[in-house]
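Protein chains: 2
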Amino acid sequence: MREKRLGQQTIALKNPPGIAAAASVVGPKEGDGPLKSDFDFISEDAYFGEKTWEKAESAMLKQAFALCCDKAKLPPSSLDYIFSGDLLNQCVGSSYAMRESNVPFFGLFGACSTMSEALSLAAMVIDGGYADACAATASSHFCSAERQFRLPLEYGGQRSPTAQWTVTGAGCVILKAGGPAPYVTHVTTGKIVDAGITDVNNMGAAMAPAAYDTLRAHFADTGRAPDFYDAIATGDLGNLGQDILRELFSRDGVDLGLGYTDCGVLIYSGTAQDTHAGGSGCGCSASVLSGHLLKGMLEGRWPRLLFCATGALMSPVTSQQGESIPGICHAVALDVNPGN
Amino acid sequence: MREKRLGQQTIALKNPPGIAAAASVVGPKEGDGPLKSDFDFISEDAYFGEKTWEKAESAMLKQAFALCCDKAKLPPSSLDYIFSGDLLNQCVGSSYAMRESNVPFFGLFGACSTMSEALSLAAMVIDGGYADACAATASSHFCSAERQFRLPLEYGGQRSPTAQWTVTGAGCVILKAGGPAPYVTHVTTGKIVDAGITDVNNMGAAMAPAAYDTLRAHFADTGRAPDFYDAIATGDLGNLGQDILRELFSRDGVDLGLGYTDCGVLIYSGTAQDTHAGGSGCGCSASVLSGHLLKGMLEGRWPRLLFCATGALMSPVTSQQGESIPGICHAVALDVNPGN
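Going line by line, the protein sequences match chains A and B. Here this note's numbering runs 7 ahead of the position in the first sequence, where the first position is 1. Here this note's numbering runs 7 ahead of the position in the second sequence, where the first position is 1.
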C-alpha cells in the first residue's frame, strides 16, 4: 500500500494539490518589520477588537481564514476539511476561531511546526481522493504566549539574548486538487528528536537537531541536494538555531547554500526591533509562508521551496519538572512547475 | 478528486485498513470497574513508576504503545506514522511518550475525541497509499487532568452530580493495510458545534449536540440507520450526555436502539465507584475501544461498530473568560466483514 512512499519519512504526491490562495494577518510589530508589504492585513493594535489576548488570537486567525476563502473565491462551505493548531493550552486559538465555520475540523498540535503539519495532512487527504479543497491554518500571539509560557507582561522581565519573540500572526493556505500553482509535491514527516537541551530561552538550539534530522531524511529519501531548491525555509529556528543547523550539515560536508533562510530570522529586524534571536510561534512560519514565501514563488523569485516549520514539544510543566525539550520538524516541498 | 467522498462529511475507504492489534493500559480505579477483564495492563498505583502525574501519563501511554507493537508483532521501526494526542497543555503526554519511538509523528488535539481523530487520519493515510502501518493512540490521567483543569487534589473539592471522572488510561491501535479484521470502512469527520453550554461540570451536555450532528451526518451520508450497527459507542458523553443524545434523535423519530452505549458509561460502575455522570478524558474512549469494544468485535458480539469519540474544545482560560464550550465528535465505522 505504500506506493506513494519514498524512503522512510517522505511521500510523493501523485496528483500534487495546488495552492488556491494564502492569507496572512499580523500584529503591529510584525507590520513594522521587513516583511510588512507581504502581509494581507496588519492590525493597529494587538487586541484585534477583542477584550482578551486569547480572544484576539482567535479573531486574528478567523480573519486570516475568511480572507483566504475570499481570495480563493471558495466559501467555507466548499471546503472539505480544516487542519488547524496553535500554541494555547488545549489549542483554543483554533477551536474558537473555527467554531462557526461549519467545516469538518481536524485539530493539530505540532507547536511551531503546526503549519507544516497542517499542509502535510491537507495535501495527503486531497491527493488521496478524500477532499477537493482544504484549509491549513495556524496562529500565535505574543501576549497570549507570554503569559501562558513565561511571565506576566506587566512584570517587564528581562529577556535572554538567545530568547525569541513570539509572533502575533496567523496564516491560512487553501489547498485545492489540480492547482493552481504552486503545488505541494512531497511531504517529509518528522520524528521527535530530543538533543537534551533544557534552556527554555534557547528554543533554536532545541529545535535545530530536529530540523537537521528531517532535512537529512528529505534529501536521502528524494535523492535531492539543497541546491535543488531555490529556497529552503526553516522556521522558527531564529539566528542561533539557523547557525546550528548550518553547522550540523557542514559536518556532513553539506552546504545549505545561499537559498537557506529561516522564518524567525526573516520576520523581524533583530537590532531595530529588539527581538533578540528572532521570531517564533506557530504564527511565525504560518504568516511568513502565507505572506512572503508563497508570494515569492509566484513572482518567480524561488520557484522551488522547501518549507520546514519546526516545533518544540514542551510545556511549562515539563520544564519545571526538569525535562529536556523535544523538537520536531516537518518538511513540505512546493514547486511552481513540478513537471520540470 | 473526491472519489472516496460520500456526502459532506463522510469518506468511504476503498481498501479498508484492518486493525493489527490494540492495547490498553489503565490505572487502579479503572481496573476495579466493570471492564477490568478487558484491559491489557492495570497499574497498581497511579504513578506508573514515575515521580509526577504528567510523567506517569507519558509512561502509561508509552507502555500501551509498546504493548500494542508487541501484540501486532510489528516493531516501531516498521510503523510509518504515529497519530497521538492527549489533554495536557501542549499535548506533552504524547510528545514525551513517543520521543524515543523514532517514528514520524503527527501530534493531534481533539480533546476527548482524539482517539477517533487519530483513527480517522491513520485510516486515510493507509488507504491513500502513504503508509502500510500506523499507530493511533491517546491518553488521559485523572490526577494530571484534575490539577490542570480543576482543583488541587489535596483540596478535596466537592464534585457536582453532572461532573465526570477523568479516566486514567491509554489506548493504542495499530492499523495495517489489508487487515486483519476488524476493518475501518468509513470516517465521518465532525464540525465544531457550540450549543452555548458554559457549565464546565456538565461536559456531557456540551458534547451531546456535536455527537448528534456527526451521527446525523453519518447516517445521511451513508444511507445507514442506527440498526445497521450492532453497537454504536459514543464517548465520553456519560449518563447525562447519553440521555441528551437519545432525546435529540428521538425528536427526529430516530431510535438509537439497544446497541447504543457510551464509553464514559461503560468504564465505571457509577454508584459503587462514586464517578457521578461517568468517565471522561481522551483515555476513556481510547482504552474502552482498545480494551473492550475491539475485543467484542472479534468475539462476534458486535461485528459492526460505530465508534464516535467526543471532545470539548475548551480550556480553563476560555471558561474564565465566559466562553461557552464547543464540542466535536468524529465517527469511525468498523466492520469485521465489510464485504457482507
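No wet-lab data here; the hints were simulated from the structure. It is possible that part of the hints are untrue.
Capping the alpha-carbon separation at 25 Å, the derived lysine to any residue pairs in SDA-like fashion look like this [said to hold, decoys possible]: (1) A:Lys80 <-> B:Leu13; (2) A:Lys302 <-> A:Phe256; (3) B:Lys58 <-> A:Gly329; (4) A:Lys302 <-> A:Ala188; (5) A:Lys11 <-> B:Leu81; (6) A:Lys80 <-> A:Asn246.
Incomplete in silico selection of chain A near chain B, CB under 8 Å [to be verified]: (7) Leu74; (8) Asn96; (9) Tyr103; (10) Asn109; (11) Thr196; (12) Glu330.
Pair by pair, the computed Cβ-Cβ distance ranges are [stated by the list, open to error]: (13) B:Ala188 <-> A:Ala73: 38 to 46 Å; (14) B:Ala188 <-> A:Lys43: 13 to 21 Å; (15) A:Lys58 <-> B:Arg9: 39 to 47 Å; (16) A:Glu306 <-> B:Asp250: 56 to 64 Å; (17) B:Gly346 <-> A:Glu107: 56 to 64 Å; (18) B:Pro41 <-> A:Gln15: 36 to 44 Å; (19) B:Gly186 <-> A:Gln327: 16 to 24 Å; (20) B:Pro323 <-> A:Thr205: 54 to 62 Å; (21) A:Gly14 <-> B:Arg258: 52 to 60 Å; (22) A:Gln327 <-> B:Gly260: 35 to 43 Å.
Where is the CB? At the ideal position from N, CA and C, for every residue including glycine.
Each hint tested on the structure:
1. The hinted pair formed by Lys80 (chain A) and Leu13 (chain B) meets the criterion: a straight-line CA distance of about 24 Å does not exceed 25 Å.
2. A hinted pair counts as satisfied when its Cα atoms are at most 25 Å apart, and Lys302 (chain A) with Phe256 (chain A) does not qualify at roughly 28 Å.
3. A threshold of 25 Å between alpha carbons decides the hint, and for Lys58 (chain B) with Gly329 (chain A) the separation of about 12 Å falls inside it, so the pair holds.
4. Taken as a hint, the Lys302 (chain A) and Ala188 (chain A) pair is honoured in the structure, with Cα atoms around 11 Å apart against an allowance of 25 Å.
5. A hinted pair counts as satisfied when its Cα atoms are at most 25 Å apart, and Lys11 (chain A) with Leu81 (chain B) qualifies at roughly 21 Å.
6. Proximity of Lys80 (chain A) to Asn246 (chain A) is assessed by CA-CA distance (about 38 Å); at most 25 Å being required, the pair is judged violated.
7. Interface restraint check: Leu74 (chain A) against chain B, minimum CB-CB distance 20 Å, threshold 8 Å, status violated.
8. At its closest, the beta carbon of Asn96 (chain A) sits 4 Å from a beta carbon of chain B; the interface hint therefore holds under the 8 Å criterion.
9. Given the 8 Å rule on beta carbons, the hint for Tyr103 (chain A) holds: about 7 Å separates it from the nearest Cβ of chain B.
10. Given hint, Asn109 (chain A) at the interface with chain B, holds; its Cβ is 6 Å from that chain's nearest Cβ, closer than 8 Å.
11. About 4 Å separates the beta-carbon of Thr196 (chain A) from the nearest beta-carbon of chain B, less than 8 Å, and the hint is met.
12. Among the interface hints, the one on Glu330 (chain A) holds; its C-beta lies about 7 Å from the nearest C-beta in chain B, closer than the 8 Å criterion.
13. Distance hint check for Ala188 (chain B) and Ala73 (chain A): the Cβ-Cβ separation is about 44 Å, which falls inside the suggested range of 38 to 46 Å.
14. Separated by about 57 Å at the C-beta atoms, Ala188 (chain B) and Lys43 (chain A) break the suggested range of 13 to 21 Å.
15. Evaluation of the 39 to 47 Å hint for Lys58 (chain A) and Arg9 (chain B) yields a pass: the beta carbon distance comes to about 41 Å.
16. Between Glu306 (chain A) and Asp250 (chain B) the beta carbons are some 58 Å apart, a value that agrees with the proposed interval 56 to 64 Å.
17. Checked against the hint of 56 to 64 Å, the C-beta distance between Gly346 (chain B) and Glu107 (chain A) comes to roughly 41 Å, which is inconsistent with it.
18. Against the hinted window of 36 to 44 Å, the Cβ-Cβ separation of Pro41 (chain B) and Gln15 (chain A) comes to about 42 Å, which satisfies the hint.
19. Our hint of 16 to 24 Å for Gly186 (chain B) and Gln327 (chain A) is violated, since their Cβ atoms are close to 45 Å apart.
20. Our hint of 54 to 62 Å for Pro323 (chain B) and Thr205 (chain A) is violated, since their Cβ atoms are close to 27 Å apart.
21. Between Gly14 (chain A) and Arg258 (chain B) the C-beta distance comes to about 53 Å, which sits within the given range of 52 to 60 Å.
22. Our hint of 35 to 43 Å for Gln327 (chain A) and Gly260 (chain B) is violated, since their Cβ atoms are close to 54 Å apart.
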